[in-house]
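Asks: These are the residues of each chain, in order.
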Amino acid sequence: MIQAVAFYLFAAIVVLSAAMVITARNPVHSVLWLILAFFNAAGLMVLVGAEFIAMLLVIVYVGAVAVLFLFVVMMLDIDFAELRAGFVKYLPIGVVLAVGLAAEILIGVGAWSAGGIELSTRIAPIDAAVPNIEAIGRLLYTRYLLVFEGAGLVLLVAMIGAIVLTHRERTGVIKQNIARQVARRSKDAIRKVNQPVGQGVEL
Amino acid sequence: MTSFFQSLGLSFEGAWAVSTIAGILLIAFPVMLAVAMIIYADRKIWAAMALRRGPNVVGPFGLLQSFADGLKVFLQETIIPTGANKGLFLLAPIITFTVALIVWAVVPFDVGVVLADINVGLLYVLAASSLGVYGVILAGWASNSKYPFYSAIRAAAQMVSYEVAIGFVLVSIVLWAGSFNLTTIVEAQKNVWGLSFLPINGFGFNPLLFPMAVVFFISALAETARAPFDLTEAESELVAGYQTEYSSMAFALYWLGEYANVILMCMLNAVLFWGGYLPPFDWAPLYMVPGIIWLFAKAFFFFFLFSWVKATVPRYRYDQLMRLGWKVFLPLSLTFVFLVSGFLMLTRYGVPA
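If you read the protein sequences in the order shown, they are chains A and B.
The first sequence runs contiguously to residue 203 in the numbering used here.
The second sequence runs contiguously to residue 1353 in the numbering used here.
The hints are all genuine.
Facing chain A, from chain B, some residues (calculated, C-beta under 8 Å):
1. 1118
2. 1119
3. 1120
4. 1123
5. 1126
6. 1127
7. 1130
8. 1133
9. 1137
10. 1156
11. 1160
Among the chain B residues that face chain A by a calculated CB cut under 8 Å, a handful are:
12. 1013
13. 1124
14. 1131
15. 1141
16. 1180
To be clear, the hints were calculated from the coordinates, so they are not data collected in a lab.
The structure displayed is predicted, hence computed values, not measured ones.
For every residue, glycine included, the Cβ atom is placed at its ideal position computed from N, Cα and C.
All chains should be built: construct the whole structure from the sequences, respecting the hints.
Replies: Next up, the structure:
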C-alpha cells in the first residue's frame, strides 16, 4: 500500500514540476522546479530498489549541477520580452521536436508491450541480497572495465578542454606566492640602521 | 521498536509507521535541546577564552540563556521585505532547518540504535549535506538585497568546494571499512592496530587515515561556515550575511539549523574517525559504559575544538579559503585515496605488487 502511495506521490510531483519548469515565468523558479523534479526522480529510484543511483542523482544533480544552474540563472539579466519575441520564429523547430519526442514515446511503448529483448540474460543474475553498490561495482570493474575507463578518459579530455578554452594568462597582475610568504622571516624584511643625524636614509 | 508496537496489537504497517514517527521525535527533540545547550556551551567556552564570564544571568549559571533568546525571537515580528520573493523567502529557512535534521536519521547512537539502518548511509549524509546549500542561496536571492546575495554566492561556492574534499575523505573511509553503512563503519574500527595488548579503536589512529581525519575536521569547519571560514557572515563586509533580512522565527530556524549542522559534523567526526559509540580501547570493562555516552563525549570534545578554533583563529580571506579547498585539500585527499586503495590492494586483497 505504502509503496503505491509513495509511487503516485513521487510520479505526480515529477510530472507536475517538470511541467512547471517550462511554464514558470521566472527562470529561477524554473530551476527550482527542476530541482524538485530531480529530487522526486531520486525517490522513484529508491522505490525500484536502486538506492545507489538515487543517492548519486541527489549528490550529483541536485547537489552540484543544479547549484551551478541556479548560480548562473540568478546572475543572468534576462529580458523576457526578447525571449518571447522569437516564439513564432522557432515554432516550426519546436513542433518538429515535439512530434519526434511523441513518436519516440509511441515507439517505446509499442516495443515495450511487444516484450523485452534478451539482453539481460547475458549477465549472470545477481543475488537479491547483494547491495546494488556492490552489484554495480562488480560489473563496472570487471565486465565493463574498458568502457568505464573510456568514459573516464572522455571526462578528463572534457575537463582539460574546458580549462584550455577558458584559461587566459593575465598580464600585469601581482600574484601571491603563499610558500614564499610563509617562508619569509623578519631578517629578510627588517634592517636595523644606525642612522647618523642630519643625513637622508638610504633605501 | 516495530515489534513492540506490533505486540500492542497494531498491524505491521501501522506499527512501522508509529515506531518510525516515535523514532523521529525521539531524535529530533533531543537534537533541538542539544542545540540550545550547545549554543550556551559555545558562548561559555568562547567567553572563557576571552576572559569574560559569558551568559550567567538567566537561570543557574545562565543555563537557560538559549531558551530566553528563543522566547525573545519567537515573540518578535516577522518582517518580510517588500521587494522580497515572498514564497522563496519563507521557504529558505525551512529548507535549511529540515536538511539539518534529516541527516540524523542515519547516525548510529549504539549497536542497532539508528533510525534508518540503510546500506548507503554515508552517501545519504553526503546527499543531505549537499542540499544544505539551497537554504542559503535561496535566502540570499529571495531577500532581493545586495549583501545577502553576495553572502549566498560565497556560501554556495564554499560549500560546493569543500564537499569535493569531504567526498574523497569519505571514499578513503569507505575503502577501509568496505561499506557505506555507518554502523558497519563503526564496527570496522575495532582494534585498528591489530595488537592484542593495545586494542585501540578508531580509524583516526591509523597513520594512513589520520591525515584524512584532519582534512575532514577542517572541511567540516568550512562546510558549516564556522570560524575561521565564516565568510558568509563576515559582518565587517556583509552586514550579517545571507540572513540579514530575516527576523523572528525565520531567523531562529537558521540559527537552529546552523548549530544542528555543527553538532552533526562533530558527531560525524566521532563516528567516522574516532570509533563512534565504541570505547577508546577494545577492552571489555569499558563496554559497561553505554555506547551513547562515548559517542556524546567524543562529539562534545570535537565541539570544544570547534569553539576553540572560533575563539582563537582569525578569519580567512576568500581567495585563501578557495586555495585551501582546491589546491591543498583536493590533491591531498586524492593522494590519500590512492595510497589507501594501494595499501589495501597489497595487504587485504593480495594483489602482487
